[in-house]
Amino acid sequence: QQQVKQSPQSLIVQKGGISIINCAYENTAFDYFPWYQQFPGKGPALLIAIRPDVSEKKEGRFTISFNKSAKQFSLHIMDSQPGDSATYFCAASMRDTGNQFYFGTGTSLTVIP
Amino acid sequence: DVKVTQSSRYLVKRTGEKVFLECVQDMDHENMFWYRQDPGLGLRLIYFSYDVKMKEKGDIPEGYSVSREKKERFSLILESASTNQTSMYLCASSFLDGYTFGSGTRLTVV
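Chains as they are written, first to last, in our numbering: chain A, 1 to 113; chain B, 1 to 110.
Simulated from the structure, these hints should not be mistaken for laboratory data.
Keep in mind that the hints are not guaranteed to be accurate.
[To be verified] Just the calculated beta-carbon pair ranges, DEER-fashion: (1) B:ILE77 to A:GLU26: 19 to 25 Å; (2) A:GLU56 to B:ARG14: 20 to 26 Å; (3) B:PHE95 to A:HIS76: 27 to 33 Å; (4) B:SER103 to A:MET94: 35 to 41 Å; (5) A:SER10 to B:THR108: 21 to 27 Å; (6) B:MET27 to A:PRO52: 35 to 41 Å; (7) B:PHE20 to A:ASP79: 44 to 50 Å; (8) B:GLU22 to A:PRO8: 32 to 38 Å; (9) B:TYR10 to A:GLN2: 38 to 44 Å; (10) A:GLY83 to B:SER103: 16 to 22 Å.
Keep in mind it's a predicted model, so treat the numbers as computed, not measured.
Heads up, the beta-carbon is just placed ideally off N, CA and C, and yes, glycines get one too.
Can you build the whole structure from these sequences, using the hints too?
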């Protein structure tokens, strides 16, 4: 079954707007939550990641919000730009599984000028 | 920067052929993974390996096998290609936190 559930499947945002992608998980043993960004024709690349000991992490226009009690985390892209148009994957892992990551199903983001 | 190189960007194979997808990483990583990516299904783990000559099944291993004779190289084998194996195949390697993915191989089975 899907260990990490991601929504929405696709998202269209105006330039300058905020893009929000949500993920939920069930396994409380997960202790690392990365987000990956994938452009067409490329493999996914690590964008930003968070551990459950903090509720928020910000890197430039990208912010992860983490709610441990709800077992949810989300990616916020502020001031969205056309260059942010890509597919975004959330993921979760736990150290004792040898670094295997469980991925969400992906969100295709389109930022229109 | 870690580099993960997949030998082919595009492949077209016939049904029933034996297909080899090659992946090489240059950072001495212990862990390597093979995923397939399909629209609406995300990334699904086929096989992974934590060490040379070691392999573990992922979520969808049927119809695939793998080989890891050297630490830097992890090969995915389609024993008898079928049209439902038409997909994007992604290799990744990892150490501690985070995967580094290759650029992918888009395989079409006709």
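Is it true that the C-beta distance of GLY83 of chain A to SER103 of chain B lies inside 16 to 22 Å, as the hint says? At 19 Å between Cβs, range holds.
Hint says 35 to 41 Å; check whether the CB-CB distance for SER103 of chain B and MET94 of chain A agrees. Violated: the Cβ-Cβ distance is about 28 Å, outside 35 to 41 Å.
Verify the CB-CB distance for PHE95 of chain B and HIS76 of chain A against the hinted window 27 to 33 Å. Cβ of PHE95 of chain B to Cβ of HIS76 of chain A: about 29 Å, so the range 27 to 33 Å holds.
Taking the Cβ atom of ILE77 of chain B and the Cβ atom of GLU26 of chain A, is their distance within the range 19 to 25 Å? The hint (19 to 25 Å, Cβ to Cβ) is violated, given that ILE77 of chain B and GLU26 of chain A are roughly 33 Å apart.
Looking only at beta-carbon atoms, does the pair MET27 of chain B, PRO52 of chain A fall within the given range of 35 to 41 Å? Since the Cβ atoms of MET27 of chain B and PRO52 of chain A sit about 27 Å apart, the hinted range of 35 to 41 Å is violated.
Range hint 38 to 44 Å: satisfied by the CB atoms of TYR10 of chain B and GLN2 of chain A? 29 Å, violated
Whether the CB-CB distance between SER10 of chain A and THR108 of chain B falls inside 21 to 27 Å: 24 Å, holds
Verify the CB-CB distance for GLU56 of chain A and ARG14 of chain B against the hinted window 20 to 26 Å. 52 Å, violated
Range hint 32 to 38 Å: satisfied by the CB atoms of GLU22 of chain B and PRO8 of chain A? 36 Å, holds
Note whether the CB distance of PHE20 of chain B and ASP79 of chain A lies within 44 to 50 Å or breaks it. 45 Å, holds
This entry does not satisfy hints 1, 2, 4, 6, 9, going by the numbered hints stated previously.
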